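Peer 1: Reassemble the complex: the two chains are provided individually, in unrelated frames, and hints are given to aid placement.
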Amino acid sequence: GAGVSQSPSNKVTEKGKDVELRCDPISGHTALYWYRQSLGQGLEFLIYFQGNSAPDKSGLPSDRFSAERTGGSVSTLTIQRTQQEDSAVYLCASSLQGLAQHFGDGTRLSIL
Amino acid sequence: QQQVKQSPQSLIVQKGGISIINCAYENTAFDYFPWYQQFPGKGPALLIAIRPDVSEKKEGRFTISFNKSAKQFSLHIMDSQPGDSATYFCAASRNSGGSNYKLTFGKGTLLTVNP
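Order-wise, the sequence lines are chains H and V.
Position 109 of the first sequence, counted from 1, bears residue number 109 in our numbering, the numbering being contiguous throughout.
Heads up, our numbering is the position in the second sequence plus 112, with the first residue counted as 1.
Keep in mind that a hint or two might mislead.
Said to hold, decoys possible - For lysine-lysine, the following DSS-like pairs were computed, each having C-alpha atoms within a straight-line distance of at most 25 Å:
1. H/Lys11 - V/Lys154
2. V/Lys180 - V/Lys219
3. V/Lys219 - H/Lys57
Calculated from the structure, these hints are not laboratory results.
Because the structure is a prediction, the values reported are computed rather than measured.
If we strip away everything but chain V, and leave its shape as in the complex, we get (with noise of 0.2 Å):
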């Protein structure tokens, strides 16, 4: 059972472009939604989070939109760049006891910003 279902498994974009991954959700106890970059050979960077009592999140170009009523959140890079090409993840959790927040993440999204 897939829980958090990701998409598109690859994106192209060109440079200036919007980029826009889409992430579902299955389980509704899930309360924490992080998005992580990570580019090969190095491990999961943590991009941006957003908990579910607000609806958008934005940092420098990186947003995050959620909706609590379909299960799904999106991120959104605006003025995309060649240095942004990465594959990022989408992943959700809950509190599991103590500070446990261990993470169920998506498949992945290979994104490529052409120049």
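Isolated chain H (complex conformation) (with noise of 0.2 Å):
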């Protein structure tokens, strides 16, 4: 496809698991962000991804998120030991050279 790709598209778990994100990125696009879109905080960039060099991790909220990014393409984002709070629609997008961000449809995070 030629857009963002983001699986799955809804994922519903149980307080405590642990959950992994996955996003794909348009052909091409060096720079890679994921963000989390909630009611109460609205968009929050969470990191970003650019190559080799090391990833921008400053707006992950605690050291339950991680990310990786393999072979400069896909990307997985993994929640250990999801809480209530967690609960969101988590976007990703990619952009060329980082200024137009083109976002994926995301994936609904429901914890139980």
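Peer 2: In structure tokens form, the structure reads like this:
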């Protein structure tokens, strides 16, 4: 596909479980961002990847959150020991040179 | 600290009217200001963006007006259509190293265009 692809589109899990969210960026886009969208906090930056450079992890809310990007393409966001406040839509965006960011449709995460 | 303040929270406009959404920012280091449109169940889609070296940018029915001294920018939607009904987000960013333009978003405006 031509756009950013995220999977799963919906995820329901129990409190305390670990979850993995996947992002396939637009082919050729070197910059990749994760954001979180929640009713209370709006859209928030989580983490940024660019090539082989060290990621910008300044937006990760706790050490339960981690992300990696393998081979400069696919990225995985992992949340360990999920809490109810982690319920949100997790959005991935990619960009050719960082500016014009193109978003996927997100993963809707619900913690029971 | 809310670095980008957006107003109004919601807006109702008649078809054919002009929709105006305003944003104000705190950080003078911001140098890239995009607007995003989001439909329910979808991710935000980039509409139009501006850099601070120009005061206005127009693309079709969408115009950004930028006032650097007031640290404000606004989105104008001319000839608003029911299909424009969506949530609109303003954002701001600056280069944080490399090509890192992480976005700081406003809280969003829910626009309803009545037929």
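Peer 1: Could you run down the list of hints and mark each one as holding or not?
Peer 2: Evaluated hints:
1. Pair hint H/Lys11 plus V/Lys154 holds up; C-alpha atoms about 16 Å apart against a cutoff of 25 Å.
2. Restraint check for V/Lys180 and V/Lys219: the C-alpha separation of about 21 Å stays at or below 25 Å, so the hint holds.
3. Among the hinted pairs, V/Lys219 with H/Lys57 is consistent with the structure: their alpha-carbon atoms are about 22 Å apart, no more than 25 Å.
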